[in-house]
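2 protein chains.
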Amino acid sequence: MKLRRSIPLLAVCALYLPLSQADEGMWLFNNPPLKVLKDKYNFEPSPAWLEHLRKSSVRFNNGGSGSFVSADGLVMTNHHVGADCLAKISSKDKDYVKTGFEAQSYSAEPKCVDLELNVLMTLDDVTDRVMSAVKPGMDSAAAEKARRAAINNLEKESSDKTGLRSDVVTLYNGGQYHLYGYKKYTDVRLVFAPQKAIAFFGGDPDNFEYPRYDLDICFFRVYENDKPVHIEHFLKWSEAGASEGELIFVSGHPGRTDRLDTVAHLEYQRDHVNPDSLNLLRRLEVLLKGYADRSFENARRAEDDLFGIQNSRKARLGMLAGLQDPVIMDKKRAEEKALREAVNKDPKLKADYGDAWDQIAGSLKTLVKIREEYNLVERGRAFDSELFSIAFRLVRMAEEGAKPNSDRLREYSAAGLDSLKMQLFSEAPIYDDLETVKLADSLGMMIEVLGADNEVVKKVLAGKSPRDRAAELILGTKLKDVAVRKRLADGGLKAIEDSTDPMIQLAKIVDPAGRRVRRTFEQQVDEPQRQAYAKIAKARFAVYGASVYPDATFTLRLAFGQAKGYSEAGQKVPWATTIGGTYAHAEMHGNKEPFELPKVWNERMGQLNLSTPYNFVSTADIIGGNSGSPVVNKRGELVGIIFDGNLQSLVLDYIYDDQESRAVSVHSAGIMEALRKIYKANRLVTELTGKNL
Amino acid sequence: MKLRRSIPLLAVCALYLPLSQADEGMWLFNNPPLKVLKDKYNFEPSPAWLEHLRKSSVRFNNGGSGSFVSADGLVMTNHHVGADCLAKISSKDKDYVKTGFEAQSYSAEPKCVDLELNVLMTLDDVTDRVMSAVKPGMDSAAAEKARRAAINNLEKESSDKTGLRSDVVTLYNGGQYHLYGYKKYTDVRLVFAPQKAIAFFGGDPDNFEYPRYDLDICFFRVYENDKPVHIEHFLKWSEAGASEGELIFVSGHPGRTDRLDTVAHLEYQRDHVNPDSLNLLRRLEVLLKGYADRSFENARRAEDDLFGIQNSRKARLGMLAGLQDPVIMDKKRAEEKALREAVNKDPKLKADYGDAWDQIAGSLKTLVKIREEYNLVERGRAFDSELFSIAFRLVRMAEEGAKPNSDRLREYSAAGLDSLKMQLFSEAPIYDDLETVKLADSLGMMIEVLGADNEVVKKVLAGKSPRDRAAELILGTKLKDVAVRKRLADGGLKAIEDSTDPMIQLAKIVDPAGRRVRRTFEQQVDEPQRQAYAKIAKARFAVYGASVYPDATFTLRLAFGQAKGYSEAGQKVPWATTIGGTYAHAEMHGNKEPFELPKVWNERMGQLNLSTPYNFVSTADIIGGNSGSPVVNKRGELVGIIFDGNLQSLVLDYIYDDQESRAVSVHSAGIMEALRKIYKANRLVTELTGKNL
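Sequences listed follow chains A and B, in order.
Residue numbers -8 to 684, in this note's numbering, belong to the letters of the first sequence in order.
Residue numbers -8 to 684, in this note's numbering, belong to the letters of the second sequence in order.
Mixed in with the good hints there might be a few duds.
Since the list can't tell identical chains apart, any single copy or any two copies may satisfy a pair.
The calculated lysine-lysine pairs, modelled on BS3-like cross-linking and capped at a C-alpha distance of 30 Å, are [stated by the list, open to error]:
#, residue 1, residue 2
1, Lys682, Lys218
2, Lys356, Lys174
3, Lys89, Lys477
4, Lys583, Lys85
Worth flagging that the hints you see were computed from the coordinates, not collected in a lab.
Just chain A, same shape as in the assembly (with noise of 0.2 Å):
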């Protein structure tokens, strides 16, 4: 709550031209920030180790991070991570997700139902191929258009030529463009979990908190041709882990950023997107909620999806309270003055990127009018509902594989289509009461935002209440059985016309009203905001001459900082805490839910030595998506894993800030204090070490 205070308004310009003193920024691997890193830290890393890290370094698709820690590719994230497959495989009277769990051997190694992990093996800058698609003169429609196919196509080309899972990323809001090639693992296992309530220790009040007490971590194995595989990089447990003071780094994969957004795009934020946001993550924490607290097996149910939305929420509160508060905003402004006046003194720039930030602007009108039916309708937040989702793709894909691979819908694309079908495939359970739950609000949600006399909500509910009519999809639709969903993608355009699935036909209501939205957002929106933004980056570069690092962009990305604690509100906040601490802040919470500790965790406390580092705080600017990020040492040693950050780094969406903020890991000598005596994982502790219990 103290950020305010705590940004010295000399930094006006840190984004722009990072200071020597500053351990800010989300680097790109191909573009490290070498010259902080040799000026502040006298460091040096050569390539060998950064591609030594960046291989060690695995994207969770489900929205996290985490990394290689043996050679029998053995991965570790958090346990908020994995949390989504320990759900998936678990039942009413099997719960991972509670009990934990530890494997003995390989064979007891559980399969995941529909995760996909990926390492960054190649990049390339194809900005010049991007942007020469769009040809001068071209309208927004056009341009659009052209894009598409380029980035399509690359995608293609590189995929059948490498194999290699092929993205292109959009950075500087478009400013750049690069083509990324991962090797892509769709055999998961899980291999170890702790309790959640050791992993999520204090629930949703201690989240975003510190001092922190959390065992957050899980470990998977990679398979391939149902072996484990074998991999060069993986990261070398340091048992010391990090001291006090400490240069660590962070490969992981930021999820979003704003911070080179202009002012009235930040404005926007603050005045639609956030507050929409939390609206609508409060209607589903209450619905939720509702839903969880009447039975311990809809609780079991829901629980991951809660804890997202109350993840999502204190992040979003955070957020927008930073936008509305004047400091920031003024700062903000402040900068892209700075930078106008500065563009505007240059006639050659001022004619080439002078324009961009009324474009901008002008898109946003168009957003602030399009933004709810585009969510609702082409975003599906109207239909909360798995089954929905998996309707929706259906009929999209066998629409979008009749096209042309060039004209196709991005996510529809050659390239992504196997990790499509991977998620339509899932064997993941679906709860028709909490589908109906959650279909039901969202339907009721639509008529609130678009009316009850809007078209496409009179053909959606066919006559009736939003609760009858989720009642009648969800008990109609045949697409919880997975042979039923393969049949149809295979039948093609065909099988789609002939489906009599109700929830098949309320995909094809939806998807041409959606396609009218995403056509406005496309050619009116996000196209003129690509052009605008490549304006900004090339005016920012030519104005300031120095290396930015562009936004995160859940691709992968290298922070750097001090293991270092913090002042807040006059009270030192010390590096780390211990594992000893645990048990004090259990009783200070009365011992009960959710600072209920495991039983074991009580049984076996004389075993610990209570003052082993367990939790601590960095610089390293961190964000949602770095969760399970590897930290490493000098070395290349991992010595802790991030986990989440301090209710004052919430703000690090839009500006970096190292007074306060801090990101949070769990240390690596805390991590095995507990696999060794509480856990006696001995099979995981010497995979890890080498060294037996």
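The hints should help you fit chain B onto chain A, whose structure is shown.
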């Protein structure tokens, strides 16, 4: 959830022409449903019977109902009505809400800090005097002023003459005006409360559910001159209590219904009132839950607010679902169409009343435009703080006090000043941390809704973030000190003008902005609606010639019905539960909060007659505000106490149903069994029954 299917389509006119078989209606005591009672139940209540019940009925001005149950001023209500007082006289170390309470003597009965009870002594129809104040040809502004003056004056005259609290009540949305004279009690003391764990057993998950197992009762005693009052009218306790199929009556204070609203008005509720209320309620629920979860003391501080919010959220969800159900809306449309056609067929009726519906629709167009500002600024939603509310009322009271009574805003008219001051000078605890959290959030909401560039918003925030501004205001104000409030109130306009208190200064910023939007509301929305609804009321009488009950207005009403089960999804739901069922219900939910019974309930289970009726349902027509209403039999004996409606009853705001909608009561025999065997409350039992344990 099954309401829709349960409304017989035949009953289209049920509202206007009560069918003899429907137990419908919240009837005025000066216009009771004598014909239906005679026809259907062969029962003719005498004037004395009605007077006795009326004068035994008590209004709790914090939003509930109750009744006298002994000659010594003993009053019974629900625990969730009494909880407001319980919380205000509790502290961290003495939590009456959690532990319950039993006084063993008069001197041990603690006084509530700001509870006012009312008993309805006189009722007069003053429609002509109010209506005739508005002269033909007056524009809306003049009409509003004249009507307000007439009402303020009527109240003042009556209060001066009778010494009673005198309220002019608007009935039929403006069709009639009645003057109510209340005996007012302000020295109310706590006698007995069970633990919240049993009073609200099942918590939010079970709220509005049936079957139920709640001991939702609480006893107070009314004092005058520091002695228990001796009263003539109180209800005799029935030890047997209600039996299945028995005719019962409910005498209480239903808060609000909207059954006579036009279709345009209902659509306005569907599209604006209910969705906006729900967004606000969810926002507050998540905010307070986040605050409460941080410590036990936080939870205690927020408990009563949180209950109210969750309770309203469930109710509103049911109401919105009703309005989003085409069956209900089609029924409302058909009703309106029939009435309008009848009016339009008769030239005289058409000339006099034909334009009323369009008049209401027109007023709603204005309301849509101003409602956000009206709610945020004038109704204080942007300033969610007890201290702000005190400051605002002090500022207004000073200004209004300087005007002649006839010109004052309604809530500052002379007749109501004593009750207002009782609230203003309440010694109820105010918690700085909770105030700051709520005020910061509501200021943030004001930015979201009115925009950061709105002039009032800018003045209110004074260049600060919502969090900083809230902290500054709450820390800076001296209004927690009741003596400071009294000095300001006594000092009149001059004291307000001179005050440097930051909260008073904020109230002075808000006051003129609030008055501006309020004027628009009163002149362009409220006054035209009163005029139009008066026409519709007359048209309805002219067309249907039948007696119609007015919508609920938190004034005394008589409802009736049968103690009777129902069918839900083909399952029979019995009319009553037993006290023994409580234990099975706890067991089914793992005996975990909110299904964890108080220790004494487990210890003394063996002493109970487990088959004693405990909670029961009836067809009586009730709604929020009826909580705590006595349920009496034909002999006027107390056989139960209303505390809830089932989920199916949530649409009763708009439409009556007796197929599945049920009022839920605690049974008088179940109460007595618990008082005797669990609580061994000898003093209370003796006072209620004349018998020792």
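Violated constraints from the hint list, given by number and in increasing order
2, 3
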